[in-house]
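Student: As a plain string of letters, each chain reads:
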Amino acid sequence: MKATDASLTSIPRFERGRRAFVALSVALFAAVAACTERSPSGPDDSQLPTEPVTVTLQLDWDDFASNLQVYGGYGGPSEMSTAIVARSFGGMESRTLLRFGSFPTSATVRDSASGSLRPDTALTFISAYVVVLFDTIASTNTGPVTLALGETLENWDEASVDWANAVDTVGGQQPWSQPGGGAVLPITTRDWERSVGDSVAFFLNPAQIARWKGAPDSIRSARIDVLTDGHRLELGGAALRLVAISAADPDTTLILTVATTAVTFIYDPPAAPPADGIRIGGAPAWRSVLDVALPATLSGPPALCAAVGCPFALEPRNVTYAALGLRGRRPPDAYQPTDTITFDVRAVLSRAALPKSPLGNSLVQQGGSRVPPEIFGALEGTMVDIPITAFVQGFLAGPDPAGRIPSNTLALLSGPEPESFTFGEFFGPRGPNAPVLKLILTASPPLELR
Amino acid sequence: MSARAFVLSVMLAASAAPLHAQSLFNAAGIGLPVEATDGRARALGSIGLGLPGASLLPTDPAASVRLMIPGALLVVQPTWVDLTRTGTGGHRYFRGSRFPLFAAGYPVFGGMATLHATTVLDQGYRGERPLTVDLAGTPVPATDVFTQAGSVASVSVGYARMITPTTSVGITTGRYTGSVASTLVREFSDSASANQVLPYASSGSWTYSGYHVSVGVSSDVAGLVRVAASATVSTDLDATAASQTTGTDRSFQMPLQLRIGASSELAQGLTLSASAARADWSGITADLSAGAQAGPATSLGVGLELSQVRLLGRTSPLRVGFRRTGLPYSLEGDGAHEQAFAGGLSLALNETNEIVLAGVDFALEKGNRTGGTYREDFWRATVSLRVSGF
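Same order as they appear, the protein sequences are chains W and Z. Those letters in the first sequence? Residues 1 to 450, by this note's numbering. Those letters in the second sequence? Residues 451 to 840, by this note's numbering.
The shape of chain W in the complex, shown without the other chains (with noise of 0.2 angstroms):
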């Protein structure tokens, strides 16, 4: 040992073939780092454990909800896109109400004699015309209507106006002199047919524009309405669209946009709370609340029984699919949707706080659940699905980790709110055409190592 100990003191240490050493070493771990891995895999299935078991369930209403309540009066017309014109359409009438910036007072403008581009405050206006854009789709009309446009006469507050008050909020209450708007400063009529176009131009005459040339916004206010019996016509925008010549430029004319600063629509009779069943959508919107139970163990079907055994404790995994299974039925033809209409589906955040609790993110995947206007029609009584998969699985977790106790009463409303005058119904409790609860679950025994 000591002859060893002592060679040993002369080893010079990585004296030699230290670059050889360290190359081969790095060269060898990246070749074998750089190899994609590709897991075994058998040619058949006979290494799997056992087969998970997928089962369908149907709750009836009695066994999974309660509660239902419809609420209204959530957001109004002005926050809409759209607007509504209608004259005795289900025994409904509608409005709407325009108002426009300031005209401009300058334009940029090619100088005639030096050929470069130069603000002109000297503008002449030698025509106008309110263009409005109509949904071809969404209208009900197949032939040509008469649609008329007047010059409000009296102010009103866009948030808050309403058939019969120009201004409805909390201590200042302001009737119109006559419901529906009040009177108006005709303008001019026009016929529109949707097969010719989706716009129609009403054009001013020269008083009409000096008139709201230099007003203020209050006056530069108009009304569209309807004026053929048994048609609802929605619009899509509307513009006072100003024709100007400069002096700088005498041949050339200037089309200017005057910005519309508010858009709403009035409508009467306002719609009536359901007696019963489930409404989604309108303006103000409607939403349909209740409270969801779920049974914590299930004795069947016999197809899980036999896989997992019975009683069998429900768990959030086992939900692969859970679905209010909802029949549609028809409401009112004043509030018939012609459009799709979109479904968002919320955990109820605080239901004492009710119609005001604040609600959870969305349940439904991006875009929400979009439901056919048929179903509110020619298909009445079909059922459709509302999932609501993430719902159940948050309420059969139970407690989160700080102790929160998932909601378990859910709110039914339209995505985005309010998305559309017409609202969307399906039959309540009661009834043959009841809602149902559709579940997919997936269950297989316990994972075992073999």
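Simulated from the structure, these hints should not be mistaken for lab results. Hints may be right or wrong, so weigh each one.
Selected chain W positions facing chain Z (Cβ under 8 angstroms, derived; list incomplete) [unchecked claim]:
#1 P43
#2 D44
#3 D45
#4 P52
#5 P387
Far from chain Z, some chain W residues (derived; all Cβ distances over 10 angstroms) [claimed, not checked]:
#6 D63
#7 G101
#8 S112
#9 V196
#10 T261
#11 A262
#12 A272
#13 A353
#14 P373
The calculated label-pair distances, taken between Cβ atoms and stated as ranges, are [said to hold, decoys possible]:
#15 W:A303 <-> Z:V607: 48 to 56 angstroms
#16 Z:Q718 <-> W:D45: 56 to 64 angstroms
#17 W:T50 <-> Z:L762: 54 to 62 angstroms
All C-beta atoms, glycine included, are put in the ideal place defined by N, C-alpha and C.
Could you slot chain Z onto chain W? The hints should help.
Tutor: Frame of chain W; chain Z shown alone:
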């Protein structure tokens, strides 16, 4: 950073890397036993004891003392596998790399203290089951995907010393460690009728614990034959389920493992080695679920080493070998075994006064595993890095 520090860092980092599965037989019983040997033993078809010279292999607890100077060893093992099954068409190809062994030794108290980190049982595999699920009267395609990842590992310490000028003894004691995670996922097809149906997942994870002791003896008989033997006895291997695991805690009876090996120089520079091992895993059958069967596993290996070959002016022994290894579990209840022909060489990266301070042992095996209707043909490379004298 010095070259030594850099290389040691790489070796230590690699030894902590996750293991990757290399055989579908990992799905049998509680996994596929992994032999924690180096490139030299692999090339010689040896199970890792009775070889000439010194070694840090855990299967030969008494051999480390012959190293006399500090040393370390890291083994990396990539494998390429082609799986077939009688009666079913097609092949399944997979590949993986693992680090089955890290070992270090340091001379203390006139002997050699050792540290080993090894893989004991490889358990990773994956499987799929396509099926059709009836969703409220609508048939919807679905797929069950099962994934299991993990292994049983061991960390042990040992001590060996010479008791006579020709005989050494050694003992190691260690703890089983490691974990395995299993996940079963049912995914529904993204069809119009099922695009809102969420996947179902059931998962479980277990951590392993248990203890084992190995004793060994190694002796040069009459200066002609190196003979070594070792035995390993274990407590039960306990698998403790994590809190969210649906499965239960388990305990598996680990067998007594016996090994013997010998080598002899037939002629100058030509050494013959042979080794054998046996472990009766039958006792674990009662601990296995799904009716899996276990039985005795016997391993035999033989090899030749040409030790005086030199490459680039350095000692570079050439080796060939053959080994047949019994597997304790089969995928179908029948016996299973692995056999492979091997070849390899050593590259002395740094040697001084006939002492190799740094070297690489490389082995390449061509073999197969068979059990019932399953057959895996594989290429397996083993590369071990040795450093000493630090």
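Student: A separate judgement is required for each hint: does it hold in the structure or not?
Tutor: Each hint, compared with the structure:
1. P43: 5 angstroms, holds
2. D44: With Cβ-Cβ at 6 angstroms, under 8 angstroms, it holds.
3. D45: 4 angstroms, holds
4. P52: 5 angstroms, holds
5. P387: Nearest chain Z Cβ about 5 angstroms off; hint holds.
6. D63: The claim stands: W:D63 keeps its Cβ more than 10 angstroms from every Cβ of chain Z (closest is about 17 angstroms).
7. G101: Consistent with the label, W:G101 stays out of reach of chain Z, its closest Cβ about 45 angstroms off (over 10 angstroms).
8. S112: Correct as stated: the minimum Cβ-Cβ distance to chain Z is 62 angstroms, above 10 angstroms.
9. V196: Answer for W:V196: holds, closest chain Z Cβ roughly 38 angstroms.
10. T261: 42 angstroms, holds
11. A262: 40 angstroms, holds
12. A272: The assertion about W:A272 holds, with a minimum of 34 angstroms to chain Z.
13. A353: Check passes; 30 angstroms lies beyond 10 angstroms.
14. P373: 20 angstroms, holds
15. W:A303 <-> Z:V607: 48 to 56 angstroms: Holds - the Cβ-Cβ distance for W:A303 and Z:V607, about 54 angstroms, lies within 48 to 56 angstroms.
16. Z:Q718 <-> W:D45: 56 to 64 angstroms: 57 angstroms, holds
17. W:T50 <-> Z:L762: 54 to 62 angstroms: 58 angstroms, holds
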